[in-house]
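Trainee: Take a look at the letters that make up each chain.
Number of protein chains: 2
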Amino acid sequence: MSQQIKVAVDAMGGDNAPGIIVKGVTDALREREDLAVILTGRKEEIEAALKGYSYPKDRLSIQDAREVIEMSEPPVNAIRKKKDSSIVVAMKLVRDKQADAFVSAGSSGAILVGGQSIIGRIRGIRRPPFAALMPTRKGVSLLLDSGANVDVRSEHLHQFARIGAIYMRDVIGIKNPSVGLINIGAEEEKGNALVKETFPLLREDKTLNFTGSVEARDVPEGGTDVLVADGFAGNIVLKMYEGVATALLGAVKEGMMSSLRSKIGALLVKPALKGVLSTYDATAYGGAPMLGLNALVVKMHGSAKDREVKNAMFQCMDFVKADISDKIRKVIETDPTDDRE
Amino acid sequence: MSQQIKVAVDAMGGDNAPGIIVKGVTDALREREDLAVILTGRKEEIEAALKGYSYPKDRLSIQDAREVIEMSEPPVNAIRKKKDSSIVVAMKLVRDKQADAFVSAGSSGAILVGGQSIIGRIRGIRRPPFAALMPTRKGVSLLLDSGANVDVRSEHLHQFARIGAIYMRDVIGIKNPSVGLINIGAEEEKGNALVKETFPLLREDKTLNFTGSVEARDVPEGGTDVLVADGFAGNIVLKMYEGVATALLGAVKEGMMSSLRSKIGALLVKPALKGVLSTYDATAYGGAPMLGLNALVVKMHGSAKDREVKNAMFQCMDFVKADISDKIRKVIETDPTDDRE
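Going line by line, the protein sequences match chains D and C. Mapping of the first sequence onto numbering that gives the first Met the number 0: position 52 corresponds to residue 51, and the numbering continues sequentially without gaps. Mapping of the second sequence onto numbering that gives the first Met the number 0: position 22 corresponds to residue 21, and the numbering continues sequentially without gaps.
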């Protein structure tokens with residue numbers, strides 16, 4: 000049997016916890032024999048949710064944690080004070096090497112703070128970014144930073160580019176991934192001060208396949224493997240993508256249901272639409288990895304459904320098997336611009 | 000007869016010039032008797048394009064201009080050197096009060112530079128923003144700055160808020176317009192340094208109906224009349240909106256055309272879809288006004304069609320009739336934070 004990967008999963012995080020988390024986890028366990036999961040959270044609630052699912056008992060365990068960090072809580076305080084929360088307990092399992100990766104649909108802030116303070120940054124990594132896998136017409140792009148670090152400098156963006164390229168090459172399997180800089184025009188002279196400073200750093204880094212600026216309007220079309228932005232701009236890209244898609248597909252659905260005639264039409268177009276639109280399904284990728292930590296941390300959508308939970312498990316397995324943290328460590332150690340701040 | 004509004008229109012700007020510009024202009028002239036237009040550009044090309052359209056000859060004139068500023072030209076140089084370009088000639092007509100407003104689908108950079116250097120800023124206005132009217136499910140939001148000023152300070156954003164509120168009240172007719180700050184979370188403590196500095200300025204300005212942060216994902220839903228952002232973030236919001244909408248509607252169309260069955264369905268749903276999706280039609284508003292100048296400047300999409308051109312004319316008329324430049328002037332004169340930099 001191949002190497003078993005153990006994932007610590009926050010069973011209490013997200014809008015649909017623990018029910019949907021448990022469903023996704025048991026689905027994943029049934030599909031992959033080399034996966035083991037430790038669910039953290041209120042034992043009796045998790046056990047109740049597990050009823051009705053079949054799963055291999057020897058690969059699923061529960062670590063009781065009585066507290067839950069709420070979405071609205073100030074994260075630094077929450078991580079410090081709620082030592083018995085599902086997030087802190089799970090992260091400590093990763094820190095203590097009882098688990099290889101951590102997955103949660105809970106508070107982004109708490110995951111961010113806990114990731115850095117409990118699991119810890121790889122030496123040389125300045126600002127661990129959230130990296131969002133975004134479906135596009137041509138495949139998938141990795142956007143980083145998608146929201147972890149809002150005020151950054153050009154050397155941070157440069158690091159995001161290098162980390163992102165490793166991820167796309169070794170987890171997603173893209174040879175020589177192209178790297179683009181999110182900008183408001185295609186030309187080098189466009190952009191704010193941060194982008195203008197970053198552009199030459201990326202262009203001159205011979206380890207990167209830098210292809211220039213990428214305008215926001217071209218993001219859904221795709222074609223660039225790694226998209227680099229500060230966490231503020233990156234989060235706007237990600238949230239606009241999700242918001243516009245939700246609004247428009249909602250409008251299409253609403254239109255189709257508005258008359259008998261259109262309802263009949265909807266039945267006829269539905270199978271064809273489903274195929275095309277599944278291209279843009281974000282849940283296929285299982286959440287946003289936070290990169291540059293000593294182990295993988297994956298933040299799922301608060302509204303994650305079981306499919307996203309299952310795919311987050313698979314993402315963890317690919318990540319650990321490809322030994323990405325070690326690859327990032329090696330690349331950063333040889334970073335000539337590294338000032339070990 | 001009511002006051003006649005004279006609009007100087009760059010006949011050479013945009014992907015479809017001069018044909019589509021001329022079509023939109025003649026449509027507008029036929030619909031509104033109180034509109035007059037001066038087209039600037041190569042006379043013989045404009046005359047050729049005008050053939051086949053009926054229009055009131057006494058309200059349409061051509062001002063010959065032999066040069067065209069290309070999209071890729073560095074704007075400062077272009078404005079300085081191409082004195083006989085359609086943009087410069089038209090802007091001078093506005094500066095010399097031979098026209099009340101300027102409309103172009105040409106180079107944003109040239110419009111921005113020319114607007115400031117030829118038409119001039121209202122005294123006290125620090126950074127004239129582009130203001131984009133964005134269709135939403137609940138109506139329309141004005142996003143500013145949508146791309147003119149990429150590196151700004153909190154007092155600039157504060158001015159954008161005040162200018163935007165005047166526009167929405169007096170041109171669009173919304174009583175006590177709500178003002179929101181584009182952010183990456185709904186809470187006050189979220190955001191980058193610029194947003195955190197701006198938040199209290201907006202909250203404490205009693206002339207504004209400030210309703211807090213607006214997350215990018217909620218933009219398409221609408222509900223906030225004025226959306227404030229720096230030009231970099233604002234441009235990303237706008238371009239993501241357009242890019243995602245184009246990609247998804249393209250995918251829907253593609254899906255519908257993929258089989259005989261779905262084609263029949265498409266025929267049945269089409270009328271219903273059309274109604275719902277027209278809600279999101281950006282051309283209804285006729286381009287982005289650049290606010291804070293001595294006269295109105297409207298930047299249309301490079302790909303503007305005749306409907307957008309026509310509506311840009313109507314936007315100019317509403318703007319001039321409501322005397323917005325004067326209203327902005329008065330509000331800015333009483334701005335307590337104004338340091339007349």
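Derived by calculation from the structure, the hints in this document are not laboratory data. There may be inaccurate statements among the hints.
Which copy? The list can't say, so a pair holds if one copy fits it or any two copies do.
As the list claims (entries may be wrong) - With a cut-off of at most 20 Å between alpha-carbon atoms, the simulated SDA-like pairs for lysine to any residue come out as follows: (1) Lys-22 <-> Val-75; (2) Lys-80 <-> Leu-267; (3) Lys-195 <-> Pro-74; (4) Lys-326 <-> Gly-274; (5) Lys-252 <-> Lys-273; (6) Lys-42 <-> Gln-62; (7) Lys-304 <-> Ile-19; (8) Lys-252 <-> Glu-44; (9) Lys-137 <-> Thr-206; (10) Lys-252 <-> Arg-216; (11) Lys-326 <-> Glu-196.
Trainee: Which of the numbered hints above does this structure break?
Mentor: Hints 1, 2, 4, 8, 9 and 11 are the ones this structure does not satisfy, whereas the remaining hints hold.
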